[in-house]
Amino acid sequence: MIHDSIIRERLVTGDKTAADVTRDISRPILNQPSSAWKIGFTLSLVFLGIFGVSLFWTVWTGIGVWNINKSVMWGWDITNFVFWVGIGHAGTLISAVLLLFRQKWRMSINRSAEAMTIFAVVCAAMFPVFHMGRVWVGYWALPLPNAFGSLWVNFNSPLLWDVFAISTYFTVSLLFWYIGMIPDIATIRDKVKTKTAKYWYNFFSMGWTGSTRSWARYELVSLILAGISTPLVLSVHTIVSADFATSVIPGWHTTIFPPYFVAGAIFSGFGMVATLLVVARKVMNYENYITIGHLEAMTKIIMVTGTLVGIAYLTEFFIAWYSVVEYEQYAFINRATGPYWWAYWSMMSCNLIAPQVFWFKWARTTPWFIFIMSIVVNVGMWFERFVIIVTSLHRDYLPSSWVMYSGSLTEVGLFLGTFGIFFTCFFLFAKFLPVINMSEVKTILRNRE
Amino acid sequence: MGLVDKNLSLRNRGKMLVGVWEDEDALLSASQAIMDKGIHIHDVFTPYPVHGLDRIIGVKRSRLARVAFLCGLTGLSLMFLMIWYMYVKDWPVNVGNKPVRFSPSWIPVMFEGTILCTAYGMGIFFFLRSRMLHGIKNDLLDERQTDDRMIMTIETCEGMDEQGLINLMKEKGAVETREFHNGVQTVI
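Heads up: the sequence lines are chains D and R, in that order.
So in the working numbering, the last one in the first sequence is 449, and the numbering has no gaps at all.
So in the working numbering, the last one in the second sequence is 188, and the numbering has no gaps at all.
Simulated from the structure, these hints should not be mistaken for lab results.
Keep in mind that a hint or two might mislead.
To be verified - Mimicking DSBU-like on lysine-lysine, the simulated pairs with C-alpha atoms at most 35 Å apart in a straight line are:
{"no.": "1", "chain 1": "D", "residue 1": "Lys-193", "chain 2": "R", "residue 2": "Lys-15"}
{"no.": "2", "chain 1": "D", "residue 1": "Lys-193", "chain 2": "R", "residue 2": "Lys-6"}
{"no.": "3", "chain 1": "D", "residue 1": "Lys-431", "chain 2": "D", "residue 2": "Lys-38"}
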């Protein structure tokens with residue numbers, strides 16, 4: 001027997017029917033764009049323009065327009081790369097891990113989180129690719145037969161593992177996102193009126209009719225994709241952390257990096273999901289689908305992962321002391337009290353201290369406050385990567401190599417510009433594709449146990 | 001057995017009875033009642049997955065999981081062979097006099113290749129088996145079957161008590177019953 005639960009809060013409020021779900025979610029697609037959408041999209045295009053100009057200047061003049069130097073050879077670029085990859089991970093975690101754990105609250109937010117993953121990985125990929133300097137020989141990173149004396153790529157290098165990890169992650173996430181969207185594209189196909197729209201939605205719906213046989217296979221495929229995406233997402237950020245951890249730079253050469261990076265990725269990713277959804281639910285009138293309950297669940301994850309990251313920061317300090325390696329000890333004392341102390345303490349206060357406010361119910365259930373906190377989390381996580389990269393590099397083993405580093409205007413432009421890429425893609429997604437997974441949400445309209 | 005599931009096409013079929021439901025509980029109990037009478041339900045089209053329906057109408061468990069496993073094994077082997085060829089066979093590089101053979105540093109790339117082949121191999125087989133292709137013409141019986149209606153199709157055969165079946169469908173909550181023949185639907 002199936003009963004309606006009287007204990008659990010409803011995941012979708014407002015007594016919606018399946019037809020209501022279709023109507024509400026497809027409204028932005030079927031109607032003319034709202035003025036909020038137009039303003040947001042224009043603003044995103046401005047930032048996209050900034051990216052274009054900064055990128056053109058970088059490629060045209062050369063990597064010298066960045067302030068990176070012989071000691072601090074990674075600066076804003078790799079900081080931004082790790083920042084965006086981290087943000088991307090929440091999408092997979094929401095879709096895959098929460099699917100494996102049968103968390104039904106993921107159903108209203110997984111689609112936009114997966115979209116976020118894809119756009120964030122695109123933003124991330126820009127940085128290592130253009131950091132190569134001569135981007136036109138970027139294909140050298142691939143194991144292709146060549147005329148350089150059969151030189152192959154170096155499979156011992158985490159940088160090469162990254163090439164495989166990020167490209168696999170991007171393509172598999174794209175497949176996961178697309179397969180998950182097919183039934184909804186079919187729903188839109190059967191709603192749109194214009195010929196062009198009908199053609200394209202029909203093209204991408206791949207003839208979906210909602211047959212029980214197809215649903216049975218679809219659910220199995222989703223489950224397996226979730227099953228393989230979970231180790232994939234862990235491997236990707238583990239490999240990103242290995243870019244640092246396999247080196248012999250004090251502050252980087254630590255075994256705690258993989259779990260610490262993965263926790264940080266979940267933390268920052270949920271921060272970004274919260275930023276997007278607090279706004280989207282208001283602007284797009286999705287408050288019945290993305291409820292306060294959803295926001296509260298996300299804040300709890302933010303708090304837990306923030307604390308995990310904080311513990312990692314403290315563990316690093318402890319291990320530096322315990323190891324009796326003077327270089328390690330210096331690296332960490334220098335982080336907290338050296339010339340970049342402000343970055344370190346920004347990181348500490350944003351990532352460890354600030355999320356503790358989510359112990360209070362008011363903080364977890366007030367959308368505007370969650371929005372501010374989500375920005376704080378992302379600022380903190382950007383600083384985390386900046387601290388790891390720059391503070392470890394600016395003090396080399398030889399004091400004669402000690403330098404200071406700050407991002408040039410072009411580097412700042414590239415970073416701000418990636419927000420242009422991200423939000424342009426996100427606004428287009430919100431206009432042309434269903435932001436909430438309609439077919440899944442329809443299964444939780446009744447509060448079943 | 002062909003790769004494409006032929007059950008999914010509604011073309012070139014005999015006369016079919018079509019029942020339309022609005023409620024999934026009513027649909028589940030109707031499906032059970034019809035199957036109990038020994039009548040084979042051809043398919044049910046729903047806007048969202050109705051759990052348990054596949055078992056009631058006798059849809060066999062998909063073997064895509066095995067396909068995924070085999071694709072994964074293929075990916076793993078291909079990546080191993082690739083690295084072995086490049087590193088051991090074609091151009092061994094002496095790094096600190098370390099032996100040129102399999103080492104744990106091969107694992108990340110092999111792992112990523114495994115995941116890639118599993119995902120795409122399974123995805124391709126899923127599309128093939130489910131008769132899904134970009135731009136293919138769909139066999140929709142009702143535009144609302146992707147919105148909020150659930151459509152059951154039953155192939156008629158000689159000696160079938162069609163009126164009795166229609167009555168059973170209505171009794172079990174069907175909001176509409178139709179006949180589908182040669183691409184034309186008539187409400188009955």
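Tested hints:
Restraint check for Lys-193 (chain D) and Lys-15 (chain R): the C-alpha separation of about 31 Å stays at or below 35 Å, so the hint holds. Restraint check: the Cα-Cα separation between Lys-193 (chain D) and Lys-6 (chain R) comes to about 30 Å, which is no more than 35 Å; the hinted pair holds. For the proposed pair Lys-431 (chain D) and Lys-38 (chain D), the alpha carbon gap of about 10 Å is at most 35 Å, so the pair holds.
Hint compliance for this structure: every hint is met.
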